[in-house]
Amino acid sequence: MDHRKYMKILKLDEAELRSRRAFFELTEADLARLASLRPFAEKVTDDTVEEFYRLLLSHPETKKFFPDELTVRRVKRTQREYFLGLFAGRCDLAYMEDRLRVGAIHEQIGLATKWYLGAYRKYLSIIKKHLIAEIGDPEEVRSAFESIQKLVYFDVALACDTYLAAKLDALERHQAAIRELSTPVIRVYDRVLLLPLVGAIDSHRANQVMDSVLTQVGQTQAKVIIIDIAGVPVVDTRVADSLIKTTAAVRLLGAETILTGITAQVARTIVQLGVDVSAMHTLSRLADGIELALSLVGKAVQPAETKKRRRRKRSEAEER
Amino acid sequence: MNGSIPILRIGEILVASVQTELRDRVANAFQEDVLNTLETTGATGLVIDISGLEVVDTYVARVLAETGQMAKLMGASTVLVGMRPEIAATLIRMAYPMGGIDTALNLQEGLALFGRRKKKKK
Numbered sequence: 001m002d003h004r005k006y007m008k009i010l011k012l013d014e015a016e017l018r019s020r021r022a023f024f025e026l027t028e029a030d031l032a033r034l035a036s037l038r039p040f041a042e043k044v045t046d047d048t049v050e051e052f053y054r055l056l057l058s059h060p061e062t063k064k065f066f067p068d069e070l071t072v073r074r075v076k077r078t079q080r081e082y083f084l085g086l087f088a089g090r091c092d093l094a095y096m097e098d099r100l101r102v103g104a105i106h107e108q109i110g111l112a113t114k115w116y117l118g119a120y121r122k123y124l125s126i127i128k129k130h131l132i133a134e135i136g137d138p139e140e141v142r143s144a145f146e147s148i149q150k151l152v153y154f155d156v157a158l159a160c161d162t163y164l165a166a167k168l169d170a171l172e173r174h175q176a177a178i179r180e181l182s183t184p185v186i187r188v189y190d191r192v193l194l195l196p197l198v199g200a201i202d203s204h205r206a207n208q209v210m211d212s213v214l215t216q217v218g219q220t221q222a223k224v225i226i227i228d229i230a231g232v233p234v235v236d237t238r239v240a241d242s243l244i245k246t247t248a249a250v251r252l253l254g255a256e257t258i259l260t261g262i263t264a265q266v267a268r269t270i271v272q273l274g275v276d277v278s279a280m281h282t283l284s285r286l287a288d289g290i291e292l293a294l295s296l297v298g299k300a301v302q303p304a305e306t307k308k309r310r311r312r313k314r315s316e317a318e319e320r
Numbered sequence: 001m002n003g004s005i006p007i008l009r010i011g012e013i014l015v016a017s018v019q020t021e022l023r024d025r026v027a028n029a030f031q032e033d034v035l036n037t038l039e040t041t042g043a044t045g046l047v048i049d050i051s052g053l054e055v056v057d058t059y060v061a062r063v064l065a066e067t068g069q070m071a072k073l074m075g076a077s078t079v080l081v082g083m084r085p086e087i088a089a090t091l092i093r094m095a096y097p098m099g100g101i102d103t104a105l106n107l108q109e110g111l112a113l114f115g116r117r118k119k120k121k122k
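So the sequence lines, in the order shown, correspond to chains P and R.
Here the first sequence is numbered in my numbering, starting from 1 and rising by one per residue.
Here the second sequence is numbered in my numbering, starting from 1 and rising by one per residue.
Chain P with its partners taken away, still in its complex shape (with noise of 0.2 Å):
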């Protein structure tokens, strides 16, 4: 996945980057202070980097990550480059974006939260003990936690947002995908449309069968749609109701329904609940309702001629 697809669904742009520096306080003023940290952290990246995996290679959940030897090296290496940048001075899009990028790649790999944020924790303690290793006055040594903290949390959202983009972005095509299996109208013959429809029909979705099937209709130029609903678990009057509403419309285009698929319980219930049908072609199994559609269109399903039927019919009129 992108990470700049990410930097679209969480609408990362100039404005989005100063209303986060507002909150998160990330001023000018620790930005410089990061920048002038810079020679203290080129003396200590090895150091945290190597206490850092020392933690990740030593907890089961996280060593699997890091499979060999090779591999442990290489994201090392992005480690250092992950923690200079903390002291480069600067926090702009471009940084955000990378920023991004890393969590991205967090994300695709299966690391989960829990074990990114408790890194982080880790993070953080091993700086401190740095700083107070390398710069001593407590004063100083406050004040640039205070800066290094504030750029760390900023990039941590920004982390979890990455997760967030990403869950996001599942849900929606999984939300796209089951739209379009909810409503499949297939052709199963020149100007014969079929929609089978398959579990509980909620009014959202009853809106989406009769524009489904409108636009399957105009397109194809369908004279019939037959419409199953063996797959409906239950049949109450808004169910019945929009089936009606979308034969309407199909009648409006010029175009016949017929509803196929009617069990026993559904047939009770329909009759029970008062609901007209009448204007329908009903019918309770799909095979009718296929040769139902045909002869609309003109056609007929006819039994094939075989051998044993050809020699009768010569042998009949052979007799006459």
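Hints are computed from structural coordinates only; laboratory data are not their basis.
Hints are supplied without guarantee of correctness; some may be wrong.
In silico DSS-like cross-links for lysine-lysine, where the CA-CA straight-line distance does not exceed 30 Å [what the hints assert, rightly or not]: (1) P:K223 <-> R:K72; (2) P:K64 <-> P:K76; (3) P:K245 <-> R:K72; (4) P:K150 <-> P:K129; (5) P:K64 <-> P:K122; (6) P:K150 <-> P:K63.
Now the stretches of chain R that chain P is said to cover, found in silico as 3 or more residues with beta-carbon under 8 Å [what the hints assert, rightly or not]: (7) 82 to 89; (8) 92 to 99; (9) 103 to 112.
Just so we're clear, the structure is a prediction, and the values are computed from it rather than from any experiment.
Built from N, CA and C at the ideal position, the CB exists for glycine as well.
Given the structure of chain P, go ahead and fit chain R onto it with the hints provided.
Just chain R, lined up with the frame of chain P:
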């Protein structure tokens, strides 16, 4: 004729193709034109093609449906053809199913409907 919608005669059938937006006034004029032409020609069938219509409100829908009913009184049956899917959906959602008027997918099918009826009569 005072409307802007041409009404063509093919044998016993009148064909009107609505290609402009139907405003209330135009719709009324159209209805008048159709009925006058039915009177003068004695046509037995009327096909109204609305494939060019992008918007139909309930008033226009009612004028069209009533035109059909009026034509029936004059001995001509009406077929409404080429309604767009969006319009059908809107009319149904506004609870206006245009009962009493026949429909067909397109002009050709609408005309074919009359051909079939004629055969049945014979």
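Evaluated hints:
Between the alpha carbons of K223 (chain P) and K72 (chain R) the distance comes to roughly 25 Å, so the proposed pair stays at or under 30 Å and holds. About 15 Å separates the Cα atoms of K64 (chain P) and K76 (chain P), which keeps this hinted pair within 30 Å; it holds. Distance hint between K245 (chain P) and K72 (chain R) is fulfilled; the C-alpha atoms sit about 26 Å from each other, no more than 30 Å. For the given pair, K150 (chain P) sits about 17 Å from K129 (chain P) by alpha-carbon distance, which is consistent with the 30 Å threshold.
Taking the CA atoms of K64 (chain P) and K122 (chain P), the gap is about 19 Å. The hint holds against a cut of 30 Å. Restraint check for K150 (chain P) and K63 (chain P): satisfied, since their Cα atoms lie roughly 28 Å apart, inside the 30 Å limit. Restraint check on the stretch 82 to 89 of chain R versus chain P: 8 residues with Cβ-Cβ distances below 8 Å, three needed, restraint holds. Counting residues of the stretch 92 to 99 of chain R whose CB lies closer than 8 Å to any CB of chain P gives 4, so the stated coverage by that chain holds, three being the minimum.
With a threshold of 8 Å between beta carbons, the proposed coverage of the stretch 103 to 112 of chain R by chain P holds, since 6 of its residues qualify and at least three are required.
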